[in-house]
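Going by my numbering, the first residue of the sequence shown is number 1, and it counts up by one from there.
Source of the hints: derived by calculation from the structure; they are not laboratory data. Some hints could be false.
Listed next, the in silico PhoX-like pairs over lysine-lysine satisfying Cα-Cα at most 20 Å (straight line) [to be verified]:
| no. | residue 1 | residue 2 |
| --- | --- | --- |
| 1 | Lys178 | Lys167 |
| 2 | Lys119 | Lys167 |
| 3 | Lys195 | Lys241 |
| 4 | Lys119 | Lys178 |
| 5 | Lys102 | Lys195 |
| 6 | Lys119 | Lys109 |
| 7 | Lys70 | Lys96 |
| 8 | Lys237 | Lys195 |
| 9 | Lys218 | Lys195 |
| 10 | Lys237 | Lys218 |
| 11 | Lys102 | Lys119 |
| 12 | Lys119 | Lys171 |
| 13 | Lys171 | Lys102 |
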Amino acid sequence: MYRDRSKIIRRIVIIGILLLALGGGAVALHSVYTVRTVYVEGNVHYTEDEIMEIVMSGPLGDNSLYLSLKYRDRGIQDIPFVDVMNVSILAPDTIKITVYEKALAGYVKYLDTYMYFDKDGYVVESSGIRTQGIPQITGLSFNHVVLGEQLPVEDPQVFSSIMDLTKLLNKYSLAADKIYLHSSGDITIYFGQIKVSMGSDNSHIEDKLQLLPDFLEKLQGKSGTLQMENYEEGKGKFTFKPDA
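Kindly generate the complete structure, drawing on both the sequences and the hints.
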């Protein structure tokens with residue numbers, strides 16, 4: 001009887017020691033992997049603080065191991081404009097949050113709402129606030145807009161052209177406010193008070209856009225139309241017509 005009781009006490013002591021060791025290990029592990037430094041990249045629509053608040057909220061939100069498992073190329077459903085977020089551990093107390101935003105071609109304004117669409121013309125986000133860096137697309141004809149569906153335009157091929165143009169604008173760091181697609185095929189791009197007539201010849205559109213940053217810098221503070229319809233390789237001379 002005494003021996004049995006002694007065995008039970010010994011087992012309890014061993015279990016207690018194991019629990020204390022596990023508890024101490026967990027505390028030490030949590031302390032080592034507590035996030036103290038955060039780097040954020042890829043964010044455009046949200047500030048670094050906003051991204052950190054989204055990712056690091058809730059229980060264990062400050063634990064780098066937990067966050068790296070939770071946000072391992074995780075698809076995001078409930079945050080506008082964000083497609084995927086990934087958390088990688090740079091050091092036990094340092095993480096990097098990489099934000100992959102949805103590739104937006106532009107937006108149309110419909111019933112006082114900004115409807116953002118992707119390269120295929122599907123409306124992926126709607127907002128009452130305009131987002132800087134994404135151009136308004138005008139000249140498209142449609143009679144309704146449904147979130148998650150393609151804009152009902154006559155020629156859906158126009159969306160790939162819009163996406164190509166948007167990519168080129170980004171390539172040359174050109175922040176267009178608006179792109180007007182004429183029924184004739186001509187394209188006009190708006191940069192503040194400057195309208196740029198690109199014409200309908202898309203074969204030289206990148207050559208023209210490559211020249212635009214220098215022209216726009218020289219035209220700062222002015223209002224009018226830069227006529228770039230006619231392009232001759234190597235010349236790069238265009239007419240600017242000030243507004244009357």
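Hints numbered earlier in the text: which of these fail when held up against the supplied structure?
5
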